[in-house]
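Asker: Sequence:
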Amino acid sequence: MLEVSAKDRVGERVALTGMAVSGLLAIVKITVGWMASSTSVVADGVESAADVLASGIVLFGLFLAARPPDANHPYGHGRFETLSGLGVGLALGLTGLAIAVRSLEGVGDRHDPPALYAVWPLIGSIILKSLLAGVKFHYGKKIHSAGLKADAWNDTVDIVSGSTALCALGLTLYNPARFLDADHYGGLGVGLIVIVLGLLVVRQTTLQLVDTMPDRRMLEEIRAAARMVPGAMGVEKCFARNTGLKYHVDLHLEVDPEMSVRASHEIATGVRDRIKQELEWVADVLVHVEPHLAEEGEAGAGDKQPRQVEGPGGKR
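Residue numbering for the sequence shown follows this note's numbering, beginning at 1 and increasing consecutively.
Fair warning: there could be bad hints in the mix.
25 Å max Cα-Cα, derived DSS-like pairs, lysine-lysine [what the hints assert, rightly or not]: (1) K276 / K237; (2) K276 / K141; (3) K276 / K142.
By construction, these hints were calculated from the structure, which means they are not laboratory data.
Assemble the whole structure, with the sequences as input and the hints as a guide.
Answerer: Here you go:
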């Protein structure tokens, strides 16, 4: 089981690797695209340069999220990591808009067709980004990092945008007289794809920032872990909110109403410890103790039987 510090190190290493790969691809694609006179390759290179910024934002968010809780941040600093995902989404949207506008400016211009060697940076980018996206998705899910998963979606879009640019460039190279503008429209397609991804990432991270509940499967895992503790008679309510790399849980636990305060407190402590032990993605649990009261009138469905009373004619 990964500890928080180990998670931070994993996230930092993956983000740094992403920055290095994206930086190299950006330099190669922009340089080759410029030399080969290919708008779509240059556009894809600018998108890779934005990836460097995105990975840098994620890395900074992970660094801040690793700080321990303090008096002003009792839940820790994990939300900075979520904010980094939001920053990635905004950066993607603005970059996509700039790419789309710049690509449209070249439509209709008469110039020599791009050189054939412009396809190689795009092919290399698609292969490397496929590997990088797989790694980021794996570790993003493993350490519950919104920023790292946002960066993984960014790499996934690089694959789509690179393929779009490759198809557009291929059309231009196939028939320059007929499809000369296809290279420019390929750059436009790259920009639009990046804009859509940016909006999706902004939506996802915003949902976390407004304390959207996790899916039912995760909530049931919390309830199941609580019910495993002796003395826990039920879970009335269960809420959870994302605070970065982990979740904070509020749980209403039902116990025997005749139990002493000390005994119910010990059960609540056991429930908190059990949930944190079983579910590594839970940072802490606030347990509120409720009396477990059997419903009246549940004959045949519960453990209560109809009460018999004495009347003038005997029992009835």
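Asker: All the hints need checking, so say for each whether the structure fits it.
Answerer: Taking the hints in turn, this is what the structure says about them:
1. K276 / K237: At roughly 18 Å apart (the allowed maximum being 25 Å), K237 and K276 satisfy the hint.
2. K276 / K141: 18 Å, holds
3. K276 / K142: 16 Å, holds
Figure legend: structure checked against the earlier numbered hints; every hint is met.
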